[in-house]
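In case you want the letters, here they are:
Protein chains: 2
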Amino acid sequence: MTNPAPPLAGLHVVEVSSFIASPLAGLTLSQLGADVTRVDPIGGAADVHRWPVTADGKSIYWTGLNKGKRSVTADLRSDDGQRMVQRMVADSGPGGGILLTNQAGRSWMSHETLSALRPDVITVEILGRTDGTPGVDYTVNAGLGFPQITGPTSHADPVNHALPAWDVACGLYAALAISSAVRRREQSGVGAQITLPLEDTALSIASALGYLTEPQVNGHGRSGTGNDVYGTYGTDFATADGGRFMIVALTPRHFRDLLELTGVGDAVAAVEKALGADFGREDDRFTHRTVLNGLIAPWFAARSTADVAAALEKSSVLSQRYRTFDEVVADGDLSTNPMFSALDQPGIGTFLAAGLPAAFDGEHYTTGPARALGADTPRK
Amino acid sequence: MTNPAPPLAGLHVVEVSSFIASPLAGLTLSQLGADVTRVDPIGGAADVHRWPVTADGKSIYWTGLNKGKRSVTADLRSDDGQRMVQRMVADSGPGGGILLTNQAGRSWMSHETLSALRPDVITVEILGRTDGTPGVDYTVNAGLGFPQITGPTSHADPVNHALPAWDVACGLYAALAISSAVRRREQSGVGAQITLPLEDTALSIASALGYLTEPQVNGHGRSGTGNDVYGTYGTDFATADGGRFMIVALTPRHFRDLLELTGVGDAVAAVEKALGADFGREDDRFTHRTVLNGLIAPWFAARSTADVAAALEKSSVLSQRYRTFDEVVADGDLSTNPMFSALDQPGIGTFLAAGLPAAFDGEHYTTGPARALGADTPRK
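Chains as they are written, first to last, in the working numbering: chain W, 1058 to 1437; chain Z, 1058 to 1437.
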C-alpha cells in the first residue's frame, strides 16, 4: 500500500512574515503538505540577511526557515501590491483563504478586509506583547522570570536562554491554530480570526507548568537550581579528562542503578538513615541533592570520559555527555537519522537538513530548498 | 452572532501518558475543544506527586497539565484494564479512535493492535531518543549543544535551560500531528501511525534555525554570546539601583533611538568611522557590540530603574525589565490579561490560570480544572 497524501495536502497558505515564529509556522505547515507562499517586500523583509550566514554572506537563517515555500515579492505599500496579496488569499480555491502574518495592524490585510473578499477566510496574526505593542523572544523572556532561575547558582545576574524557545512555541501554536481552524472550516464552513501574542505563548506555558501558580498558591516562586533538575534527582558531573555528563534518575530504579554504578550505595544508605530521608521518593532525592551530588561526583572525577560513557551505556540511568553542535555533526548523528536528508540549497551548499520530527506511517515529511527571494512573483 | 464551536469539538482523545510533552499535548487539544481522557495506572503514573507542590504536598504540576481532562485509572498490567483502554480508543464514535501516549512498546496498545480493532485509528507515540531508547528534556538538551552556548561567557561549563523547551515543542508537535491527521481522516478515511521522538524535535528545530547547518557549511558551530543576542544588537544593562533591562535594537530605527536616548550618538559615530563599520547594518552592530555596550552602559548605570523604565517607555527600542515570577504576578499581569481566568482547582485553591494563547474570534479557550485521579473510571 502506498502512503496516503500528507495530512495538510490541498491547503494554500499565504505568509506575510519575518523573523522566527511566523516563518517557522509556515515551514511546519509546508512540511505537513500545505502549499505555502511567503510574501516579502521587494528586496526582502528585515530578516533577509540575518545571521548565521555563510562565508560570503548568504543567510543560513533565512533559507533554513523558508524551505519548501514559494517566494513572492511585491511593493506592499502600493495598491497593486496589496491587491495582489488580497487576491492570493481570496482566490486560492477551497483549501486556500489562509493568511499567516506577524505584521498586524495593516488594514489592507486585516481579517475584516479579507473576510469581505472571502467570508470563510482564516487569518492568524502573531503579535509581540499581549497589549499589541512590539516584543521579541528575548524581551518577553526577560519579563517573565526564566532568566532569573537560569545559570549557575553562584551567578546572581539573569541568564538569557540561547534557544528562542518562545518563538518556537509560538510558531508551533500558530501552525496548530491553522490546522485546527481548517478542520473546523471543512466541517462547518466558518473561518476564524486568530490572534496569538508571543507574550501570551510564554505566559500560557509558564502557567501550565506551574511557574505562575506557585507565587499565587505558595506565596513565592521557584528559585534557581543551576544544572540540577527541579523536583527530582538530576545534575551534571565532570570526568577526569574534562568531559561532562548530564544524569537524570527519574525513578527509584534509575536511582538505585546510579548508586550501584558509582559504588556509593552504603554511604547513601547511611546518610538516608541519618537524615530521616527516603530516597525512594524523588522529592527527598531533590531536597538532599547537594549531599548526594557530593557522594556521587568522585566516581565521575576519577574516570575518563570514555570509561564513564561505557559504564553508563550499561545502566538504566538516563545520561548524556554534553556535546557542542560541532560534535553532534562530527559524531554522525545526522547521517544515521532518517529524519535528515541531503538538501541542495542554492547559495548555501549541500548539507543534511531535518524534516518534520513527527513521522507519519514511518515517513518523515521533508520539503525542497528555499526558493530565491521573489522567484515565484507573478509576471504582469 | 454567537461564536462557533471550538475547532476540535467532537474529537475524543485517549491519553496514556506522564511527564510533560504528552500531557501538554492533551491539554492543548482539550483547550481546542477535544474531549480528552487521561488514563493512569491505579495510584497514578510516576508524575502524580511531581513538584512543584503546595504546602501540603498536592502537585501543582500534575493539576496544571491535566486541566480539563477526564481521569480514568486502570490496572494496565491486567487483561481487563488493557481491554478497557482498547475499547475506549476503538468505540468512541467518528471523532474518536485517537491514542496519545509516551509509553511506547506496549503491544496491547500498539498501532497494529488498535488498527485491528478500528482501521482508521490515529496513534501518536512520543519517544525519547531517535533510536527509541529513553531520553528526557535535560539529557536530550545536553547532547545537542545548546548548554555549551548558554550562560555568561566567563563561565566555561555548560548551562542547562530552566524551561524544558524540548518537552514544550514536542507536546505542541504532537497536538499538531493529531489535529492534522484528523483533518486527513475526515477527508479521506485513513488513520495514521505517528511516532515523535523528543530528540528529533530538538534536532529538527536546531536544523531549521541553522545551528546544525553552520558546522556543515561553515566548518564550525556558533559560540556563546552570553546575554547578547546573536547576529543583531541586543544585550542587558544594569541600573544604578540594581535593576536590569534587556534591550533589543532590531532595526536601524531602534538603534538610532537607543543612541539618542542614551546620548552617545556622537561617540558612536566617531567609533563607526574609526572602525570602518556601518551601524545601519545589524551584522556590524553585532560584530562591534562590546564597544557599543561599553558606550551605552553608563547611561543605565547612572539612573534608577524607575527613571530608565520611564525613558524607555517613550522610545521605539525594544526593552523589558528583568522580573521574577513573583513580580509578574505582583505586577498584575495575570489579572489584566484576558487569557487568564480564575480556576478553582480542588486541593490547590483558586488562582488565575491561562487558557490557549491563540484567541479564536477574540475568545481564549479555557478548560475546567483537573479532575481527581480516577474520578471518571467507569464502574463495573
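In short, the hints are calculated from the structure, not lab data. Model, not experiment: these values are computed from the prediction. Warning: the hint list may mix true and false statements.
To be verified - Subject to a maximum C-alpha distance of 30 angstroms in a straight line, what follows is the list of computed DSBU-like cross-link-like pairs (lysine-lysine):
1) Z/Lys1115 / W/Lys1330
2) W/Lys1115 / Z/Lys1330
3) W/Lys1371 / W/Lys1330
4) Z/Lys1371 / Z/Lys1330
Stated by the list, open to error - Ranges between beta-carbon positions, derived for each pair:
5) Z/Pro1435 / W/Ser1167: 46 to 54 angstroms
6) Z/Ala1161 / W/Arg1338: 25 to 33 angstroms
7) Z/Ala1432 / W/Asp1418: 15 to 23 angstroms
8) Z/Pro1209 / W/Ala1161: 34 to 42 angstroms
Stated by the list, open to error - Which bits of chain W does chain Z cover? Going by a derived footprint, with three or more residues having C-beta under 8 angstroms, they are:
9) 1084-1097
10) 1324-1331
11) 1346-1356
A virtual CB, placed ideally from N, CA and C, is assigned to each residue, including glycine.
Hint check results:
no. : hint                                      : verdict
1   : Z/Lys1115 / W/Lys1330                     : holds, 25 angstroms
2   : W/Lys1115 / Z/Lys1330                     : holds, 25 angstroms
3   : W/Lys1371 / W/Lys1330                     : holds, 29 angstroms
4   : Z/Lys1371 / Z/Lys1330                     : holds, 29 angstroms
5   : Z/Pro1435 / W/Ser1167: 46 to 54 angstroms : holds, 49 angstroms
6   : Z/Ala1161 / W/Arg1338: 25 to 33 angstroms : holds, 27 angstroms
7   : Z/Ala1432 / W/Asp1418: 15 to 23 angstroms : violated, 35 angstroms
8   : Z/Pro1209 / W/Ala1161: 34 to 42 angstroms : holds, 36 angstroms
9   : 1084-1097                                 : holds (count 3)
10  : 1324-1331                                 : violated (count 0)
11  : 1346-1356                                 : violated (count 0)
Hint violations for this structure: numbers 7, 10, 11, all remaining hints satisfied.
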